[in-house]
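Asks: Chain by chain, the residues:
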Amino acid sequence: MQEEIIDYFRNPALLFYVTLMLTVCVVNSSHQVGDVVETEFHAYRLQQYEISGNMYGSKNHRVSYEAVSLGSRALRRTMVTTWRELLTHDVDDMWAYSTGAVLVFIPDNIDELNDIDRKAFLDLEAKLLEVKTDLAVYVAPYNDDAASILNDVNTRAEKAPSAVQHLLQSLSGNTISITSSDQLPELTDAYKPLNIVGRLSSGDRASLTIAFVAHYDTASAIPGISPGADSNGSGVVALLELLAVLSKFYDSPSTRPPYNLLFMWTAGGKLNYQGTRHWIDEFQKGIEGGDFLDSGLNRKDDRIDLAICIESIGRKTDGLYMHAGKTPADNSAAAQLFRRLSTIAPKKKIELVTKKISLTTASSWEHEKFNIKRMPAVTLSTLASPTDPARNSILDLPSTLDEEELIENVRLIAEAVLGYILGLPETGPSSDARIKSEVSMLSKDAVDKQRVHHFIRQFASRPRPIGDKRATESVTANLASAAAGYGQVFKSAVTINDAKVFGITQNRLVAERVKPAVFELVIAAGVIGYLSVFYYITTHSQKTVEGVVAAIRKSIF
Amino acid sequence: MSFFHFINCFALSFAPYFIVYKYSGINEYSSIWKCATASGGYLLTQLAKLLLLATFFPALDGEGFSILPEFLKSCADIVDVIGLHLLMTNFLAGKGEVRIVVGGLGWGLAHSVAHRLVLLWVGARGTAFSWRWIQTSLDSSADLMMIVSLACLTWMITRSPNKTIVSPVLAMCVFSTFVYQTVQQVFSLHGWGLLAFRFVYSIATAFLTVIVYSANRTTNARKNE
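First to last, the sequence lines map onto chains A and B.
Residue numbering for the first sequence is 1 to 557, as defined by full-length UniProt numbering.
Residue numbering for the second sequence is 1 to 225, as defined by full-length UniProt numbering.
Pulled out of the complex, with its shape left as it was, chain A reads as follows (with noise of 0.2 Å):
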């Protein structure tokens, strides 16, 4: 043994083989790269979602195809163009090829554009909402490569002026190949995003249960790139800054209000309220034994009086509008609520939204979901409908959000629950109409506008689209941290029912410029030819260097 593998270094094989590695490797990493022939850049897939088996939006992302402009055969092409082209476009018929791909792009700063282009692009998303294709859809914004490749991609769009300069470029123009360069694994079945439920105990067996509710995730036309900072980024903070407001009431025996609250972030709203679903299927159950469950109920008995979902409230309008599936009875919960949300603030227009609950579609509002299983429930919203293109639009950035207005409807729900809970008069402390003073439960920095901010930032300025496996896990995860801060925090996955999510939200694409396939015999006639000129020079090498070192021996020695 020994010996065999002595013998095996002494393989002078062995040197040549080590020597040729190394010398390869040192020259090959001192080689530098000439000029750029390829560009890679992240492009954003159209949404892909599925319910009650219908698919919407695009249903590949794979790309190799060559690229084309707008207008041109589509079939097994990528079509490259930009968002205003699409919009005068006529592209009913592009949607329907069956193998291709689309790359859009659109302004890079869709912070900053003006009124009309703002108009233009929500036209352009409504438009991309409503595709149903099997083309890859992808959206990149607008740099310098993407100047360079539209430059390319319509020049060749161009008929040549005459036939032979059509012919020169059918051999030597350049074409441009996009390809999708990133593996993504597709979504298994084992992925469940989670539901976070914090909740405030009152200590007491007897007592009520009042829920908030907030969806966590974004959707778009676009979910890779929308962070849907209103919808429902401030639902999201607001749920965070209400459990710390309120928990300060829940942190002595003494101030304990008669009732349970919790507050639950929930998976996939915008996927028919999945989230909401589930933790109501589960909570139906009547989950016996166990302490306190993953629904974050502790026994089977513990009673809802009121879910609060809250969507949409950092958006600077007049108004809060209370969404109810029905006109609420006199002496329940919600038409308590609205009578104080109303007396708290007198200059807000609070407004009672009633719209039918439909069984057969999707729920338009998160409260529907509760009120199929008979529970009740409103949503506040600053929204008056439920179809408004703000609440899945790629424009909803975190720039929209008006802080100031989010605390001030953090501050109005808290003050409206808080004397609802501990029961408080309705009128407030005089019915008096002459006494004007301002009375309230809370502090005046109880909503602590620092920790908005920094919830602003944490949780409503990020893409977390349901499809994102990573953005959704690090969402939930942070959620749960930032949560267990005030109360007791729990966790349930959530099975997806009657739906379908697709990951890959993003893509890396590259771009290269490539010749036609012909262009290579016309290089192979090249090199053929300087071989031959290499060839005679050969053979005639010896006579013409001895001819020549003959000539100069003669000539100057």
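Heads up, a few of these hints could be off.
[Said to hold, decoys possible] Listed next, the in silico BS3-like pairs over lysine-lysine satisfying Cα-Cα at most 25 Å (straight line): (1) A:554 to A:543; (2) A:543 to B:95; (3) A:554 to B:95; (4) B:22 to A:543; (5) A:554 to B:163.
Calculated directly from the structure, the hints in this document are not laboratory data.
Keeping the supplied structure of chain A fixed, place chain B upon it in accordance with the hints.
Replies: Just chain B, lined up with the frame of chain A:
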């Protein structure tokens, strides 16, 4: 298309060596095995050179280009001359001219393989088209001229009575890499420009070598008389 491109580049880089061996008449004087020996000699010399560089210039692999350190670094190329000399005197047989061509050919082939093969395999097979690979392959011919000149001058430097004519041209050869780098940096020459310069420089060196060679032959002839 991509593999075809690799084949094209491969042919362009290595076919010249084959053509020179096959058709310049050298195959009548020497076996292909001698060329392989020369290639082995190249590899061993490079190993020695690497050790030398690693010992004396360990931290100079930084960014940027400055003339003096680069010059000192390229002084290690003198090892090439020593290696080539040992190779031609000890491992090759035959007339001086045969040793020169065989040594240069094997040496150049090994050089070309080490410099280009992996690069082409990795780069030229990509989908993106770049003239760079064609240029790299064409460089191979310029290198061939340069290395055969180097072999010739190395042969002469120990045998010629007047070393004063031989040594400047030899220096031109040895420091060719340094010259290319300097020109590339100073005049920011890239692509076809740099390639043209390399060809001009190689042809000039080869021509000077022929002149030196003739002078050497003349003096030798006179001595014999």
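Asks: Each of the hints needs a verdict: does it hold here or not?
Replies: Okay, the hints, checked on the actual structure:
1. A:554 to A:543: holds, 16 Å
2. A:543 to B:95: holds, 17 Å
3. A:554 to B:95: Holds, because 23 Å separates the two Cα atoms, which is no more than 25 Å.
4. B:22 to A:543: At roughly 16 Å apart (the allowed maximum being 25 Å), residue 543 (chain A) and residue 22 (chain B) satisfy the hint.
5. A:554 to B:163: holds, 21 Å
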